[in-house]
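The primary structure of each chain is shown beneath.
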Amino acid sequence: MKIKTIKLTYEEIMCSAASRELNDGDVVFVGQGYPILAALLAKKSGKNLTLIMEGGIIEFNLYRPPIHIADMTAMKGCAASCELIEIFGYYLFGGYFDVGFLGASQIDKYGNINTSFQRFPDKRIAGSGGANEIGGYAKRIVIMMRHGRFVNELPYITTPGWLKGGNSREEAGLPGGPHAVITQKGVFKFEKDTKEIYLESIHPKVNLKKLLRSVPWDLKVADDLKQTPLPTQEELDILRTWAPGVSIGRARWGFRQLEFLKQLAEERKQRNLKYEQKFSN
Amino acid sequence: MKIKTIKLTYEEIMCSAASRELNDGDVVFVGQGYPILAALLAKKSGKNLTLIMEGGIIEFNLYRPPIHIADMTAMKGCAASCELIEIFGYYLFGGYFDVGFLGASQIDKYGNINTSFQRFPDKRIAGSGGANEIGGYAKRIVIMMRHGRFVNELPYITTPGWLKGGNSREEAGLPGGPHAVITQKGVFKFEKDTKEIYLESIHPKVNLKKLLRSVPWDLKVADDLKQTPLPTQEELDILRTWAPGVSIGRARWGFRQLEFLKQLAEERKQRNLKYEQKFSN
Amino acid sequence: MINESPKLMSTKEAIKKFVHDGDTLSITSCGTAGPYALIHEIIRQKKKNLTAVQATCMHELDLLAGCGCLKKVISSWSYRIVKGQRAFDRGVVEYNIEVQDYTNYTVAAMLMAGALNLPFFPAKPSILYTDIWNRHKEGMFKLIDNPFNPKEKVLLVPAIKPDVAIVHCQRVDQDGNAQLWGALGTVKHGALASKRIIVSAEEMVPREVVRLSPNNTIIPGFRVDAICIEPWGAHPSEVLGYYDMDRMMVGLYSAASVSKSLFSSWVDEWIYNIEDRYHYIEHYTDVYGMQPLHKLRARVYPSASVNLGSSFLKDMELLELKMDDILDAPEMFEVEVDEN
Amino acid sequence: MINESPKLMSTKEAIKKFVHDGDTLSITSCGTAGPYALIHEIIRQKKKNLTAVQATCMHELDLLAGCGCLKKVISSWSYRIVKGQRAFDRGVVEYNIEVQDYTNYTVAAMLMAGALNLPFFPAKPSILYTDIWNRHKEGMFKLIDNPFNPKEKVLLVPAIKPDVAIVHCQRVDQDGNAQLWGALGTVKHGALASKRIIVSAEEMVPREVVRLSPNNTIIPGFRVDAICIEPWGAHPSEVLGYYDMDRMMVGLYSAASVSKSLFSSWVDEWIYNIEDRYHYIEHYTDVYGMQPLHKLRARVYPSASVNLGSSFLKDMELLELKMDDILDAPEMFEVEVDEN
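Residue numbers (the numbering used here), protein chains in the order written: chain A, 1 to 281; chain B, 1 to 281; chain C, 1 to 340; chain D, 1 to 340.
Hint data in this document are derived by calculation from the structure and do not stem from the laboratory. Check each hint, because a few of them may be wrong.
[What the hints assert, rightly or not] Think about it this way: if two alpha-carbon atoms lie no more than 20 Å apart in a straight line, the pair counts; the simulated PhoX-like pairs of lysine-lysine are: (1) D:LYS17 x D:LYS151; (2) D:LYS295 x D:LYS16; (3) A:LYS189 x A:LYS226; (4) B:LYS210 x B:LYS192; (5) A:LYS189 x A:LYS210; (6) B:LYS47 x D:LYS7; (7) A:LYS192 x A:LYS139; (8) B:LYS262 x C:LYS295; (9) C:LYS7 x C:LYS295; (10) B:LYS189 x B:LYS226; (11) C:LYS142 x D:LYS151; (12) D:LYS48 x C:LYS142; (13) C:LYS153 x C:LYS72; (14) C:LYS151 x D:LYS72; (15) D:LYS142 x C:LYS142; (16) D:LYS16 x C:LYS153; (17) A:LYS209 x A:LYS189; (18) B:LYS189 x B:LYS210; (19) C:LYS151 x A:LYS47; (20) D:LYS142 x C:LYS153; (21) A:LYS209 x A:LYS220; (22) D:LYS153 x D:LYS142; (23) B:LYS209 x B:LYS226; (24) C:LYS161 x D:LYS151; (25) D:LYS295 x D:LYS46; (26) D:LYS72 x D:LYS195; (27) B:LYS139 x B:LYS209; (28) D:LYS153 x C:LYS161; (29) D:LYS48 x D:LYS72; (30) C:LYS16 x C:LYS195; (31) D:LYS142 x C:LYS151; (32) B:LYS139 x D:LYS195; (33) D:LYS151 x D:LYS195; (34) C:LYS161 x C:LYS72; (35) A:LYS139 x C:LYS195; (36) D:LYS295 x A:LYS262; (37) B:LYS192 x B:LYS47.
Bear in mind the structure is a predicted one, so any value in this text is a computation, not a measurement.
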């Protein structure tokens, strides 16, 4: 046995774990941020995926991490471009999306989601975006929740999960449903009959007790709770060279960019000053 | 005064008369056949028209007379191509068509139309095509009726005209309405208040009494009944070189083409026969 | 390489596999690019009891009705250039075909509702003043109060979800991404409303071509069930950029359609006694020579390009951040892994 | 020649003429190609009490709300990359802006119903299980029995008919035919649903270019009221084939948005103290130099052409029929005309 020490982040584990929830041949509706990174890893591992973004981009290549739903970095070399309503009507409502890949800021026991609305209940854009209908009509919903948390009662529901559990979603006439939730602590699935969420695997070095305490109900845990597999070195290399902002945190990456811009402005100002002095002499 | 004798057909007079119903700047929904010829004459006379066909062709050039609603002869050099439902929804229902140019096989006193359905009331495609909604929502309807006739009661209404006359169309919530009917005998308009049709001008050499007898009600005639102006020599030249089938009748033109095809097949058969004889010897 | 596609098959196989007796068949063309190779094969395979949906047709429905393939027709217009009873009219009587008349807009609206997977679509009240309404009324339409404006009535048409669509388009890639340009008629909704989609195309092109013209793709590959490559597959109708309508052949057919015996000889000669589209075109050139086809061929008139470029050049843009920077980030933690 | 168009005007003139206080404003972009030149001018002209409709926005609504132009917002998503109260959040309180939350689909559906001039559009029942429904219910949606299937309920959203739409696209001709390619988002319906349409474009091209790419035209000229030529008109968002998003400028703005005073300085510097888009870009290069803009410029990656050709070559195909043949036709009759 040869032991090696590697350095990594929980975000990297999340992306790798999420990529394993995608199957060969899947048509995947991808949200921005972490979902897109997970999709990239799945593609790089040889899975044939059709990636779709709601701005109207079908079967696109990943040149750069897109940051919004109609990001032009995804348009170069895509197989079809169309309108937003077409993505929803023709393909999502028709049941052609195998996977709907969503982010969440809050989630309850049955995978119901609050996408982003939190503090000003009457005064903000709720922020469902496309998530409501994607959660309603994709066959499998995979949810990546990084900063969010589990709550007993959502202050604002934007996206239906398994509703009240059991058959309630089916009875409501909604197909599909949540399949997995991936957080910085572990991978969660849903019980077949009750549709209650349970912990399927825990990320390395995460304290199970702490994790359980962070969930406001008595969280179920798989009998054969495993440790979430680590990303391979190849996966880490891809993430770090392709989307370093994700590995080290988007805020820091953004901050670095801003510093660069301020420096540029300062240099420019100095240069202009020199010119002015030169010509005023 | 210098008198000259010219030869022409009533179809040519119809096209010329219809072209005068189009105004500079009009957005025109054109039907196939005679309407397209009238539009050509109007364009050639310098009127700036936006021509639209329901198959999804906007602002097209006339290279050859198109024979159906998505004819590719109209696609070369058009300003926009789109779907059929877009033509109806975006532009027709929105009130952006100044003129709807229709054919008719039967028409009543108030300009209500039977487009083509006549003999087998339960067994044929009614043949409204796009005419129903065009008649319902274009600002001015111009109707060219060549083989059809005026009837007291339409056996099948496909397209609303002024309904029962007076305000009945307005009360039904339909904008616009029939503006002119052009037949092989004359040009007809509608009374401002009653919306009843009347003869505005009569084509040369048409017998007014005969015309009146061919209409099954007591047709109103303009006090200042004029003779329909003749096409100019330039108009005749355009029609005859561009759409000879129209000047001499489409059937004869088609027949001529079929004769050509049969001749081709016969020649080919003879040639093959020779080959066979040659190689069997 | 280009032909390696599990969806690529002969027209014979595609019709056999995806068109069943009793199906609702969406004939997606609306004048231009009629899917005649597919229509002829349906007739050859003697499919029965089909319900055909098509807004405006050339002689697709005339052929299918005359050959006894139909039990019902949902349409609004049929091209006629000759007087007299056509094969369609005789077929309606002989095979007791039910004919539902709509308007172009309402057929298009029913297909659009089907394509968008919505239950119905609003129509316009102009239909209320016609015999289309008087004859069918609530059998085909529903008139409801507008819940947003109680004074107003709204006419609705239901969604249609055909079992199978037949489409002819200009080009397709091995994934089934189907591209159509020119007047789009009802092709996209006619196809996407349907459960299964058969695409025949003038040519197959490499993936790269499709990916350099994504705005021309009207059906994405994952929705397509069968790809059939059929040059001249829409003859005698036209395909923009490939060939014009063969007006003489259309005339010849129309002339045959008005007589029972002429129609019968026509379908024998051009459909039943012909194996496939390849032999159809061979037969055509046998009879008329290559000259008429040559005259129909489209000249080159290439579209103006648009720039699909972005600022990056590489296949994957790697950002300029030093790996050390990343590994120094406070979020990083260490784990031990077994290298084997 | 190319600039001879009665619809061509400065952005200042277009906003003055076509955007009025109290209007419902359709911001047609959905992430990409935000109409920032037009937005900045609306702010500069201090338009008031606007109702803004936009499915997914970058910071268009943040700017408008923060500058006091809005009284109501109909939207479903707003891009946020920083935490904290943004200009939008402060504006909502300060100017008492009403916020109606929908989903991307329902905003798109309301605009599509408006564009198609239909009274309403069906939505999907997934909304019934959310607080979007619990909060607004019949105030925004209607739940009716499906008249075609009485067991089923159908959720409806009403059509929106905005007073004026602002669109930024790649190219336009002197007739106003506006061309957009890439992801189309909600641009077409956002524009066509509106009574008036202002188009700003990266460049004006000769008519011939548009007529060689008719499938890229999303708004026909006769629907366009004003044409404004604004290179870099979508900066700091991106325009496919022209330039990438200026992520650093977006970051700079976002960082300013969370502070009242920083926001105020930002809009002074980049909007109020700037005359027009030309000077905006000049100011940008004054501050940061040309280098950042150069890095954003799109490389050439031309789309694959399609053939738009037909078999004929000439401008007008004259058929080969002898004039004598025509004049001999029995339909011909003689009349006398005065040649003068």
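| request: Assess, step by step, whether the Cα of LYS153 (chain D) is no farther than 20 Å from the Cα of LYS142 (chain D), and give holds or violated. | output: holds (10 Å)
| Does the structure keep LYS209 (chain A) and LYS189 (chain A) at a Cα separation of 20 Å or less? | holds (19 Å)
| Given the proposed pairing of LYS142 (chain D) with LYS151 (chain C), does the C-alpha separation stay at or below 20 Å? | Judged against 20 Å, a Cα distance of about 16 Å means the pair holds.
| said: Against the 20 Å threshold, does the CA-CA distance of LYS17 (chain D) and LYS151 (chain D) hold or violate the hint? | reply: violated (50 Å)
| task | Take a quick look at whether LYS209 (chain B) and LYS226 (chain B) sit within 20 Å of each other, Cα to Cα. | result | holds (15 Å)
| task | Would you mind confirming whether the straight-line C-alpha gap from LYS210 (chain B) to LYS192 (chain B) stays at or under 20 Å? | result | Roughly 26 Å between the alpha carbons, so the hint for LYS210 (chain B) and LYS192 (chain B) is violated.
| Satisfaction of hint between LYS72 (chain C) and LYS161 (chain C), Cα-Cα up to 20 Å | holds (15 Å)
| said: Would the hint linking LYS139 (chain A) and LYS195 (chain C) be met if the CA-CA limit is 20 Å? | reply: holds (17 Å)
| request: Quickly compare the C-alpha distance for LYS139 (chain B) and LYS195 (chain D) to 20 Å and report which way the hint goes. | output: holds (17 Å)
| query | If you draw a straight line from the CA of LYS151 (chain C) to the CA of LYS47 (chain A), is it 20 Å or shorter? | reply | violated (56 Å)
| field | Given hint LYS142 (chain C) paired with LYS142 (chain D) - CA-CA distance at most 20 Å | value | Given that 20 Å is the threshold and the Cα spacing comes to 17 Å, the pair holds.
| message | Check the hint pairing LYS16 (chain C) with LYS195 (chain C) against an upper bound of 20 Å on the C-alpha distance. | response | holds (16 Å)
Taken one by one, the earlier hints fail for this structure at numbers 1, 2, 4, 9, 12, 13, 14, 16, 19, 25, 27, 33 and 37, listed in ascending order.
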